[in-house]
Amino acid sequence: MAGSREVVAMDCEMVGLGPLRESGLARCSLVNVYGAVLYDKFIRPEGEITDYRTRVSGVTPQHMVGATPFAVARLEVPFPSSPTAAEL
1 MAGSREVVAM DCEMVGLGPL RESGLARCSL VNVYGAVLYD KFIRPEGEIT
51 DYRTRVSGVT PQHMVGATPF AVARLEVPFP SSPTAAEL
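Quick note: the sequence shown uses UniProt numbering, first residue 1, plus one each step.
Worth flagging that the hints you see were computed from the coordinates, not collected in a lab.
Treat the hints with care, since some could be wrong.
Stated by the list, open to error - Ranges between beta-carbon positions, derived for each pair: (1) Tyr-34 - Val-65: 27 to 37 Å; (2) Leu-38 - Ala-71: 13 to 23 Å; (3) Pro-61 - Val-33: 31 to 41 Å; (4) Val-72 - Ser-23: 17 to 27 Å; (5) Pro-61 - Tyr-34: 31 to 41 Å.
All C-beta atoms, glycine included, are put in the ideal place defined by N, C-alpha and C.
I would like the entire structure built from these sequences, with the hints used as guidance.
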């Protein structure tokens, strides 16, 4: 199983959205079992960012300027139990 393409590690950075600062995805990173980067992008969450949580997340407003919209990013990272972008 360790050589399987389904074995990945994921790290996500979150920002606060709206007046309640609910968590929204701002960065997604995936690596395989060998540590090779499979995906690493800043993601523009749906909703107004009200807290960048920069001290913890490292995310700044500048990162969001060219960030991939969440709706696009969710199609770029298909999981084995999820439909791929081509299947949608």
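Legend entry - Hint check against the structure, violated hint numbers in rising order: none
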